[in-house]
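K.L.:
The hints should help you fit chains B and C onto chain A, whose structure is shown.
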Amino acid sequence: MSASEKTVMETSLDYRDFVHTGPGTLAGRYLRMFWQPVCCSHELQPGCALPVRIMGEEFTLYRGQSGAPHLVGYRCAHRGTQLSLGWVEEDCIRCFYHGWKYDGSGQCVEQPAEANSFAEKVRIPGYPVREYIGLIFAYLGPGEPPALTRYAKFESRDISLDVAGLRRICNYFNNIDNSLDSAHVRFVHRRHRDTAQDQIVLGDPTISVEESEWGIKRYVKYPNGKSVTAFFGMPNINYLNGQVVDPEIKRADVLIFKVPVDDENHLHFEVRAIALTGERGRNWIQARREKRAKAGEDRADLVRAILAGKLKLSDVDPTRVDYVMVEDEVAQTGQGVIADRGNEHLGHSDRGVFLLRKIWERELRNLAEGKAVKQWTYRPEMVPTYPEA
Amino acid sequence: MSASEKTVMETSLDYRDFVHTGPGTLAGRYLRMFWQPVCCSHELQPGCALPVRIMGEEFTLYRGQSGAPHLVGYRCAHRGTQLSLGWVEEDCIRCFYHGWKYDGSGQCVEQPAEANSFAEKVRIPGYPVREYIGLIFAYLGPGEPPALTRYAKFESRDISLDVAGLRRICNYFNNIDNSLDSAHVRFVHRRHRDTAQDQIVLGDPTISVEESEWGIKRYVKYPNGKSVTAFFGMPNINYLNGQVVDPEIKRADVLIFKVPVDDENHLHFEVRAIALTGERGRNWIQARREKRAKAGEDRADLVRAILAGKLKLSDVDPTRVDYVMVEDEVAQTGQGVIADRGNEHLGHSDRGVFLLRKIWERELRNLAEGKAVKQWTYRPEMVPTYPEA
Amino acid sequence: MSASEKTVMETSLDYRDFVHTGPGTLAGRYLRMFWQPVCCSHELQPGCALPVRIMGEEFTLYRGQSGAPHLVGYRCAHRGTQLSLGWVEEDCIRCFYHGWKYDGSGQCVEQPAEANSFAEKVRIPGYPVREYIGLIFAYLGPGEPPALTRYAKFESRDISLDVAGLRRICNYFNNIDNSLDSAHVRFVHRRHRDTAQDQIVLGDPTISVEESEWGIKRYVKYPNGKSVTAFFGMPNINYLNGQVVDPEIKRADVLIFKVPVDDENHLHFEVRAIALTGERGRNWIQARREKRAKAGEDRADLVRAILAGKLKLSDVDPTRVDYVMVEDEVAQTGQGVIADRGNEHLGHSDRGVFLLRKIWERELRNLAEGKAVKQWTYRPEMVPTYPEA
Chain A
1 MSASEKTVME TSLDYRDFVH TGPGTLAGRY LRMFWQPVCC SHELQPGCAL PVRIMGEEFT
61 LYRGQSGAPH LVGYRCAHRG TQLSLGWVEE DCIRCFYHGW KYDGSGQCVE QPAEANSFAE
121 KVRIPGYPVR EYIGLIFAYL GPGEPPALTR YAKFESRDIS LDVAGLRRIC NYFNNIDNSL
181 DSAHVRFVHR RHRDTAQDQI VLGDPTISVE ESEWGIKRYV KYPNGKSVTA FFGMPNINYL
241 NGQVVDPEIK RADVLIFKVP VDDENHLHFE VRAIALTGER GRNWIQARRE KRAKAGEDRA
301 DLVRAILAGK LKLSDVDPTR VDYVMVEDEV AQTGQGVIAD RGNEHLGHSD RGVFLLRKIW
361 ERELRNLAEG KAVKQWTYRP EMVPTYPEA
Chain B
1 MSASEKTVME TSLDYRDFVH TGPGTLAGRY LRMFWQPVCC SHELQPGCAL PVRIMGEEFT
61 LYRGQSGAPH LVGYRCAHRG TQLSLGWVEE DCIRCFYHGW KYDGSGQCVE QPAEANSFAE
121 KVRIPGYPVR EYIGLIFAYL GPGEPPALTR YAKFESRDIS LDVAGLRRIC NYFNNIDNSL
181 DSAHVRFVHR RHRDTAQDQI VLGDPTISVE ESEWGIKRYV KYPNGKSVTA FFGMPNINYL
241 NGQVVDPEIK RADVLIFKVP VDDENHLHFE VRAIALTGER GRNWIQARRE KRAKAGEDRA
301 DLVRAILAGK LKLSDVDPTR VDYVMVEDEV AQTGQGVIAD RGNEHLGHSD RGVFLLRKIW
361 ERELRNLAEG KAVKQWTYRP EMVPTYPEA
Chain C
1 MSASEKTVME TSLDYRDFVH TGPGTLAGRY LRMFWQPVCC SHELQPGCAL PVRIMGEEFT
61 LYRGQSGAPH LVGYRCAHRG TQLSLGWVEE DCIRCFYHGW KYDGSGQCVE QPAEANSFAE
121 KVRIPGYPVR EYIGLIFAYL GPGEPPALTR YAKFESRDIS LDVAGLRRIC NYFNNIDNSL
181 DSAHVRFVHR RHRDTAQDQI VLGDPTISVE ESEWGIKRYV KYPNGKSVTA FFGMPNINYL
241 NGQVVDPEIK RADVLIFKVP VDDENHLHFE VRAIALTGER GRNWIQARRE KRAKAGEDRA
301 DLVRAILAGK LKLSDVDPTR VDYVMVEDEV AQTGQGVIAD RGNEHLGHSD RGVFLLRKIW
361 ERELRNLAEG KAVKQWTYRP EMVPTYPEA
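Residue numbers (my numbering), protein chains in the order written: chain A, 1 to 389; chain B, 1 to 389; chain C, 1 to 389.
With the rest of the complex left out, here is chain A (with noise of 0.2 Å):
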């Protein structure tokens, strides 16, 4: 082999690498070309700042007291103190070191201990953001950001929201893959789906999958001739029907958005369309959240001691809000943190992974070679489906 077929060959092998996505690496350079929601809405009060860290970069992110979501650098500008730590006042954040003072955009306002103030000339990033259906969206790549998609389904006045961010500790393209993997539902959600009393599709499917212009339409066949249909919107977005393992509310339309914190946790942002208005709605979310709190609050520990062999996961209570989550969490976390895809053996039930980083890998090529990346585009038609009883 010559020296220019070594550099080819590994040059090639970069565009299989989806895993890394700090600034800098192809996979996060395309990620950056899209929308990514970096919060729920519900979790950030106005006059509230967070620390947010979104592919190994770390921001801040406020909601000024108008309600507005702002999401500017990390650091001040003056001696670096992380500017989560201030105090919101208005739509400005002030640092809590020396208080300086700097608006959504970033621009420096204001700095209390210099007679002379040189504000004007100091500005830290600010990114644009948007917020709709209960996340907030963020834009942190080079440009203009492209048009926000819009889900009909989801401004619906006749459901409610149930929006969800959960922190994963392995990284998103484990979680990506499973996407498109019909073939785990059968043992990873066995205990899942037998406390959702859920007979509705039994035994290995057989599963069709094809390219759209969102990404990958999914056709699932189960052998008693049910059939389900899924929806995948490049980059990373996951649109389908699932169970709600609760007596009131038995499936429900979901957007999951996997969104890479570094190279090895990710967000997993949920929405789904709960089919429930007005009070009893609020109620039924309200209820949810606190539950999910609660469940965050030891998921991880649980899931690394699972993996540990401490603890079985049929020891986990299955009625647990996020017991899906946690089955998942085992099965895609069990493959390493950072999954090893060079010692894979690959079947036909695997025909969506292989596709869907088939496209992935093109995809990561032409930008790696300055051509045209393909314009994925949600359509209204593509709403999942899943049979009745």
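Hints are supplied without guarantee of correctness; some may be wrong.
Derived coverage of chain C by chain B (criterion: at least 3 residues anywhere in the stretch with Cβ under 8 Å from a Cβ of chain B; other residues may be distant) [stated by the list, open to error]:
1) 72–85
2) 96–105
3) 109–116
Ranges between beta-carbon positions, derived for each pair [unchecked claim]:
4) C:Thr206 with B:Asp340: 52 to 58 Å
5) A:Ser66 with C:Arg280: 53 to 59 Å
6) C:Gly47 with B:Gln45: 45 to 51 Å
7) B:Pro146 with A:Arg191: 42 to 48 Å
8) A:Arg191 with B:Asp315: 41 to 47 Å
9) C:Lys294 with B:Asp315: 15 to 21 Å
10) B:Pro128 with C:Gly47: 51 to 57 Å
11) A:Leu311 with C:Gly22: 37 to 43 Å
12) C:Glu264 with B:Val337: 18 to 24 Å
13) C:Leu311 with B:Gln45: 38 to 44 Å
14) B:Asp315 with A:Leu346: 56 to 62 Å
15) B:Tyr219 with A:Arg191: 55 to 61 Å
16) B:Asp315 with C:Pro142: 37 to 43 Å
Quick caveat, the hints were computed from the structure, so don't treat them as lab data.
All C-beta atoms, glycine included, are put in the ideal place defined by N, C-alpha and C.
P.N.:
The following block gives chains B and C in isolation, referenced to the frame of chain A:
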């Protein structure tokens, strides 16, 4: 010094690297030539699986519903999920993620979601396993395993076996060094011996050591004329008669195996021949086990707090079941997680430690140079002695 | 740029590396030219030993039964066990592992298990130690130590000494920088000052600084005409008059020493001259000590939770004894465990910080180039002032 001399010197240094035991290391290759205990029998119930880590490698240990233990590779060949998360079915183990099933040899025997199964082409590693005197032994080396050493005293009907596996937070060789170290007892185990009210051997002993067919025979003579005989079995076994702090049982023969988990942790397996039989024996053993399980939960934290100066050993309850182990662990982890043998000042009292390292170094050199290593053999007459009061 | 220019530039950058203080580093060599406190007197009882870590090096500190403190090497010369685990006997320390005994100079004086002792040939490091104003000072540098600086005010019979050593989870230089930083008080200590009901100095001060024989004299003038004088003693001492949130004691002179543990942690020793004497003084001091010990247990966790956005500083009880320290630690650790000084934007209000770094850089350059460093001298007239209400 010429370049070739350098090479020789560097290599000769390697013969003294007893601490690193990962795959491919010289000490690791040597240890893998022997059966090693990897788990206590009572810690693995039928139908259960555990992840185990030995010498820096990870494995899946499970006990079939038949009762037979099996040791196979850590990850499923399909998408890499760790197999211990799955289900044991008869003498096979099924992966949690997509249900691929393996037999105890590592052969894949089922791929539920694959209409055209290619299971016969898929195999993960499988290892020879034996169960003996309450321990599960595995052979992790290449080729055919040697015969498993048997210890007549521990097969006797007149005793019950008290078996324990204790996790230790230092390199295994700190503990190996300690095996031949009679001088430490008077200091390290001062409080334990006071608690045991053992005043039979007192003062600084004179130690004689000689290489034997099994390893090292040690003869320890005390100022009051009393003497003790003990045996070290290569490469990592200690066989002695020691105190049991218990009103019923004063002393017992104990076999100790010191097995690396990785370079910073090891397992200390001990099997005691307790002079009790039948139900009385079972009850005594069961009570010890419960106490040990409880003690095992906080021992590492206790040792770390003592090393950090936040707690004094003299504040630890000397009647706790693992107190002698706490003493040893404080002394040995106190040498550093990996002891720095380059700065030692050995004396005549270290002649056991010195001989032990000399033998280890000789064997590693022979192994490295492709020469025959010594075939160690345990003889039935190698039984430790301890003086009557 | 030529190769030699590169070298000069790289070296000149080193003169500004104040953060790394391990053996051989320039800042570490400089700090080792001064007596440094290593422990509070009241934290080391006669007959006790502690492991201490200072500037990345580990030592054994013990107090003989005579009451005299001694500082020797961390490990026994025999087999390397850390000496703090052993027994203090008169003014010697005996190793826990095999009983080798050392005197306070590090000379081995006993080897119990060696019939032919070679103790006189064995020596570990020993360091000059002084006890003064409630602190144990050590000299860790080469050659003869300088005279120990005395502070008349703290030797007065009219006061009691309130002494504390607080562990901090950032580089010591974040805290050094803060010593000359008058502008932070209004923001960082807003709540502390409200709690202390201190309205004497208000608004943004004008700071004047000048190099003195001891370090830097700082004169701070407030908009209301009130002024404050404070002193910085090279290389790491702050001497000021500060609030004590207590109904009995409003303010007190305080000497602060900022000593690296390693590059990511430091000890903040403070000695307050409390205007109480006799039993009343002792009781007040004792009550503070108990509160501080309790506060010290969770402060690091508290600070980490605030930095992570899981807790707000405003939710912390402002009457806790170390609240002002929590505020400082949030601001300073909020700069990063090691602040990135390459991205700062300093203003006129930072002139104290600027002068401090200039002096440090000059001294490090002189040290590196083998030139004389300045001999710093504390003068009795250097006493901080604070305005009356």
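K.L.:
Look at each hint and say if it fits the structure.
P.N.:
Verification of the supplied hints:
{"no.": "1", "hint": "72–85", "result": "holds (count 9)"}
{"no.": "2", "hint": "96–105", "result": "holds (count 4)"}
{"no.": "3", "hint": "109–116", "result": "holds (count 6)"}
{"no.": "4", "hint": "C:Thr206 with B:Asp340: 52 to 58 Å", "result": "55 Å, holds"}
{"no.": "5", "hint": "A:Ser66 with C:Arg280: 53 to 59 Å", "result": "54 Å, holds"}
{"no.": "6", "hint": "C:Gly47 with B:Gln45: 45 to 51 Å", "result": "49 Å, holds"}
{"no.": "7", "hint": "B:Pro146 with A:Arg191: 42 to 48 Å", "result": "44 Å, holds"}
{"no.": "8", "hint": "A:Arg191 with B:Asp315: 41 to 47 Å", "result": "45 Å, holds"}
{"no.": "9", "hint": "C:Lys294 with B:Asp315: 15 to 21 Å", "result": "19 Å, holds"}
{"no.": "10", "hint": "B:Pro128 with C:Gly47: 51 to 57 Å", "result": "55 Å, holds"}
{"no.": "11", "hint": "A:Leu311 with C:Gly22: 37 to 43 Å", "result": "41 Å, holds"}
{"no.": "12", "hint": "C:Glu264 with B:Val337: 18 to 24 Å", "result": "19 Å, holds"}
{"no.": "13", "hint": "C:Leu311 with B:Gln45: 38 to 44 Å", "result": "42 Å, holds"}
{"no.": "14", "hint": "B:Asp315 with A:Leu346: 56 to 62 Å", "result": "57 Å, holds"}
{"no.": "15", "hint": "B:Tyr219 with A:Arg191: 55 to 61 Å", "result": "60 Å, holds"}
{"no.": "16", "hint": "B:Asp315 with C:Pro142: 37 to 43 Å", "result": "38 Å, holds"}
Checked against the numbered hints above, the structure violates none of them.
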